[in-house]
Amino acid sequence: DGGITQSPKYLFRKEGQNVTLSCEQNLNHDAMYWYRQDPGQGLRLIYYSQIVNDFQKGDIAEGYSVSREKKESFPLTVTSAQKNPTAFYLCASSIGTGGYGYTFGSGTRLTVV
Amino acid sequence: GEDVEQSLFLSVREGDSSVINCTYTDSSSTYLYWYKQEPGAGLQLLTYIFSNMDMKQDQRLTVLLNKKDKHLSLRIADTQTGDSAIYFCAGNRGNNAGNMLTFGGGTRLMVKP
Chain A
1 DGGITQSPKY LFRKEGQNVT LSCEQNLNHD AMYWYRQDPG QGLRLIYYSQ
51 IVNDFQKGDI AEGYSVSREK KESFPLTVTS AQKNPTAFYL CASSIGTGGY
101 GYTFGSGTRL TVV
Chain B
1001 GEDVEQSLFL SVREGDSSVI NCTYTDSSST YLYWYKQEPG AGLQLLTYIF
1051 SNMDMKQDQR LTVLLNKKDK HLSLRIADTQ TGDSAIYFCA GNRGNNAGNM
1101 LTFGGGTRLM VKP
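Residue numbers (the numbering used here), protein chains in the order written: chain A, 1 to 113; chain B, 1001 to 1113.
Derived pair list, reagent style DSS-like, types lysine-lysine, alpha-carbon separation capped at 30 Å:
1) A:K9 <-> A:K71
2) B:K1036 <-> B:K1070
3) A:K9 <-> B:K1036
4) B:K1068 <-> B:K1056
5) B:K1070 <-> A:K57
6) A:K70 <-> A:K9
7) A:K57 <-> A:K14
8) B:K1056 <-> B:K1070
9) B:K1056 <-> B:K1067
10) A:K71 <-> B:K1036
11) A:K83 <-> A:K57
12) A:K57 <-> B:K1036
Treat the hints as calculated values from the structure; they're not laboratory data.
Could you put together the complete structure from these sequences and hints?
Okay, here's the thing in structure tokens:
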């Protein structure tokens, strides 16, 4: 079955460490997105990529980095420059045009210890 | 850019109807969506409506769109405890933004037995 997979489900980070969250899709979608969700809050866009080897900053890109070397993969690195990284991170993908909406992964909960 | 607003919280009794409301600002949005998020999970697409429609019904779900007032609603008939979740509305950004979506802040629906 086609879908979008995020791993790990839970991640713990020590202060000053970089960590990378994985997002893989086998839906042949062109576009991929990373969102951050804080408790009781909506979704805030971190980065997005509409095509391989290209990506754009979203509304809260500071302290994060991404790459898009393959169509299927869009990993997110939370760097030590992100001062408050504890949150729920959601990856999504879409065909890129038309009204098909997004398909979401099941999320990664990142906690700083 | 597009703004999407939702009320934060709704509480209903099991068996009653629920109505979740959403307002948006971008009149060029061609598709409007409703997503459901259960605790600790990603977002699941429930339904969507094309902007030239007034209403769409899908089993217990009815979506109403008032383009003039830029108002979208989701009605859940015979609400069950399993419907307890956060509901997000979203609209695609018009003007060559591809399939980029803007999400509302989410409405937490609590269903009391």
